[in-house]
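Visitor: Here's the letter readout for the chains.
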Amino acid sequence: AQKVTQAQTEISVVEKEDVTLDCVYETRDTTYYLFWYKQPPSGELVFLIRRNSFDEQNEISGRYSWNFQKSTSSFNFTITASQVVDSAVYFCALSEAATGANSKLTFGKGITLSVRP
Amino acid sequence: DTEVTQTPKHLVMGMTNKKSLKCEQHMGHRAMYWYKQKAKKPPELMFVYSYEKLSINESVPSRFSPECPNSSLLNLHLHALQPEDSALYLCASSRFPDRGSTVAKNIQYFGAGTRLSVL
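Going line by line, the protein sequences match chains A and B. Just so you know, my numbering puts 66 at position 66 of the first sequence, and the rest follows in order with no gaps. Just so you know, my numbering puts 86 at position 86 of the second sequence, and the rest follows in order with no gaps.
Bound-form chain A, shown alone:
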């Protein structure tokens, strides 16, 4: 069965610091997809990135970057020069192709990031 572990529960940084959010996953499927979502206090889960199991290229989008390493089953997320608006709960999630006709996301427990001015 698939599993997503976000070992960090709460992280507090000062504005402009870099911060890395860790995500480790378990799956027996060879085809799977990994996602990061951000949930600000307003409640909406905002999609950030999707990565498939065949694409290990790292990705950078502005201040955000993602490091996907199949060898360690990790998909870590780094925010560079953090800002107060980055304060939110961040979820890593996994979706397996083996689930067939329905898309089920397995979420990690989430990491609460607080960025202090």
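These are computed hints drawn from the structure, not numbers from a lab. Since this is a predicted model, take the numbers as computed values, not measurements. Where is the CB? At the ideal position from N, CA and C, for every residue including glycine. A few of these clues could be false.
What the hints assert, rightly or not - Ranges between beta-carbon positions, derived for each pair:
| hint | chain 1 | residue 1 | chain 2 | residue 2 | range |
| --- | --- | --- | --- | --- | --- |
| 1 | B | S62 | A | V85 | 24 to 32 Å |
| 2 | B | T5 | A | S73 | 30 to 38 Å |
| 3 | A | L48 | B | R115 | 20 to 28 Å |
| 4 | B | K22 | A | T5 | 32 to 40 Å |
| 5 | B | R115 | A | T78 | 37 to 45 Å |
| 6 | A | E15 | B | G14 | 39 to 47 Å |
| 7 | B | P69 | A | V14 | 27 to 35 Å |
| 8 | B | A80 | A | T80 | 34 to 42 Å |
| 9 | B | Y51 | A | F54 | 23 to 31 Å |
| 10 | A | Y64 | B | T7 | 29 to 37 Å |
| 11 | B | G14 | A | A1 | 32 to 40 Å |
| 12 | A | T72 | B | R63 | 15 to 23 Å |
| 13 | B | Q82 | A | L48 | 31 to 39 Å |
| 14 | A | T80 | B | R63 | 27 to 35 Å |
Claimed, not checked - Cross-link-like lysine-lysine pairs, in silico, DSS-like; alpha carbons within 25 Å at most:
| hint | chain 1 | residue 1 | chain 2 | residue 2 |
| --- | --- | --- | --- | --- |
| 15 | A | K16 | A | K104 |
| 16 | A | K104 | B | K53 |
| 17 | B | K19 | B | K53 |
| 18 | B | K40 | B | K53 |
| 19 | A | K70 | A | K16 |
| 20 | A | K109 | B | K41 |
| 21 | B | K53 | A | K38 |
| 22 | B | K38 | B | K19 |
| 23 | B | K38 | B | K9 |
| 24 | B | K22 | B | K9 |
| 25 | A | K104 | B | K22 |
| 26 | B | K9 | A | K38 |
| 27 | B | K19 | A | K38 |
| 28 | A | K109 | B | K40 |
| 29 | A | K3 | B | K41 |
| 30 | A | K109 | B | K38 |
| 31 | B | K22 | B | K53 |
| 32 | B | K9 | A | K109 |
| 33 | A | K3 | B | K40 |
| 34 | A | K38 | B | K41 |
| 35 | B | K18 | A | K104 |
| 36 | A | K104 | A | K70 |
| 37 | B | K18 | A | K38 |
| 38 | A | K3 | B | K38 |
| 39 | A | K38 | B | K40 |
Could you slot chain B onto chain A? The hints should help.
Guide: Just chain B, lined up with the frame of chain A:
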């Protein structure tokens, strides 16, 4: 436009009330989802609709009754809820996969949720 709209934003109901949550999307998505999220926990899947048909029910109590009247609208009817049902209820939608592709890759887009309090 990746917008999923949920109404109401907040709802307070008694244990004998009947109420409904509404979710709407106009992205042409044919898969829609209901999740329940308790404080400081990840979302938990409740129901999945594919092409307006219920495809997954995660053993949800019958006091929650989903309905998908058309491809843009998803309702969750609530009746005789318990205080422990108080939570944030999130709706999501995603594309249905192209032929030969897998639905697992589809991005789920979420609404802002309905914060439900059961007294």
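Visitor: It remains to establish, for every hint, whether it holds in the given structure.
Guide: So, going through the hints one by one against the coordinates:
1. Separated by about 42 Å at the C-beta atoms, S62 of chain B and V85 of chain A break the suggested range of 24 to 32 Å.
2. Distance hint check: the CB atoms of T5 of chain B and S73 of chain A are about 36 Å apart, consistent with the given range 30 to 38 Å.
3. L48 of chain A and R115 of chain B have their C-beta atoms about 23 Å apart, which keeps the hinted 20 to 28 Å range intact.
4. About 35 Å separates the C-beta atoms of K22 of chain B and T5 of chain A, a value consistent with the hinted range of 32 to 40 Å.
5. Taking 37 to 45 Å as the suggested C-beta distance range, the pair R115 of chain B and T78 of chain A does not conform, at roughly 31 Å.
6. For E15 of chain A and G14 of chain B, the hinted distance range of 39 to 47 Å is satisfied, since their beta carbons lie about 44 Å from each other.
7. For the hinted restraint 27 to 35 Å between P69 of chain B and V14 of chain A, the CB-CB distance of approximately 50 Å leaves it violated.
8. Checked against the given bound of 34 to 42 Å, the beta carbons of A80 of chain B and T80 of chain A, roughly 50 Å apart, lie outside it.
9. At about 28 Å, the beta-carbon gap between Y51 of chain B and F54 of chain A stays in the expected band of 23 to 31 Å.
10. Checked against the hint of 29 to 37 Å, the C-beta distance between Y64 of chain A and T7 of chain B comes to roughly 31 Å, which is consistent with it.
11. Taken as a hint, the range 32 to 40 Å holds for the pair G14 of chain B and A1 of chain A, whose Cβ atoms sit roughly 38 Å apart.
12. At about 43 Å, the CB distance of T72 of chain A to R63 of chain B disagrees with the hint of 15 to 23 Å.
13. The hint said 31 to 39 Å for the Cβ distance between Q82 of chain B and L48 of chain A, and at roughly 34 Å that hint holds.
14. Here the CB-CB span from T80 of chain A to R63 of chain B is close to 46 Å, at odds with the stated 27 to 35 Å.
15. Taking the CA atoms of K16 of chain A and K104 of chain A, the gap is about 36 Å. The hint is violated against a cut of 25 Å.
16. Between K104 of chain A and K53 of chain B the alpha-carbon distance is near 16 Å, which keeps this suggested pair within the 25 Å criterion.
17. Between K19 of chain B and K53 of chain B the CA atoms are separated by roughly 22 Å; this keeps the pair inside 25 Å, and the hint holds.
18. Straight-line distance between C-alpha atoms of K40 of chain B and K53 of chain B comes to about 31 Å, which puts the hinted pair past the 25 Å bound.
19. For the proposed pair K70 of chain A and K16 of chain A, the alpha carbon gap of about 30 Å is over 25 Å, so the pair is violated.
20. Taking the CA atoms of K109 of chain A and K41 of chain B, the gap is about 6 Å. The hint holds against a cut of 25 Å.
21. Between K53 of chain B and K38 of chain A, the direct Cα distance comes to roughly 29 Å. Violation of the 25 Å bound is thereby established for this hinted pair.
22. Restraint check: the Cα-Cα separation between K38 of chain B and K19 of chain B comes to about 19 Å, which is no more than 25 Å; the hinted pair holds.
23. A distance of roughly 16 Å separates the Cα atoms of K38 of chain B and K9 of chain B; the hinted pair therefore holds under the 25 Å criterion.
24. Annotation: proposed proximity of K22 of chain B to K9 of chain B holds, straight-line Cα distance about 10 Å (limit 25 Å).
25. Annotation: proposed proximity of K104 of chain A to K22 of chain B holds, straight-line Cα distance about 21 Å (limit 25 Å).
26. At most 25 Å may separate the alpha-carbon atoms for a hinted pair to count; K9 of chain B and K38 of chain A meet this at roughly 19 Å.
27. Simply put, K19 of chain B and K38 of chain A have alpha-carbon atoms about 29 Å apart, too far for the 25 Å limit, and the pair is violated.
28. Of the pairs offered as hints, the one joining K109 of chain A and K40 of chain B holds, with about 8 Å between alpha carbons and a cut-off of 25 Å not exceeded.
29. This hinted pair checks out: K3 of chain A and K41 of chain B have alpha carbons roughly 15 Å apart, not beyond 25 Å.
30. Restraint check for K109 of chain A and K38 of chain B: the C-alpha separation of about 11 Å stays at or below 25 Å, so the hint holds.
31. Simply put, K22 of chain B and K53 of chain B have alpha-carbon atoms about 17 Å apart, close enough for the 25 Å limit, and the pair holds.
32. Distance check on the hinted pair: K9 of chain B and K109 of chain A sit about 24 Å apart at the alpha-carbon level, within 25 Å; holds.
33. Straight-line distance between C-alpha atoms of K3 of chain A and K40 of chain B comes to about 18 Å, which keeps the hinted pair within the 25 Å bound.
34. About 13 Å separates the Cα atoms of K38 of chain A and K41 of chain B, which keeps this hinted pair within 25 Å; it holds.
35. At most 25 Å may separate the alpha-carbon atoms for a hinted pair to count; K18 of chain B and K104 of chain A exceed this at roughly 29 Å.
36. Of the supplied pair hints, the one linking K104 of chain A and K70 of chain A holds, its CA atoms being roughly 21 Å apart against a limit of 25 Å.
37. Distance restraint check for K18 of chain B and K38 of chain A: the Cα-Cα separation of roughly 32 Å exceeds the 25 Å cut-off, and the hinted pair is therefore not satisfied.
38. Distance restraint check for K3 of chain A and K38 of chain B: the Cα-Cα separation of roughly 19 Å lies within the 25 Å cut-off, and the hinted pair is therefore satisfied.
39. Distance restraint check for K38 of chain A and K40 of chain B: the Cα-Cα separation of roughly 14 Å lies within the 25 Å cut-off, and the hinted pair is therefore satisfied.
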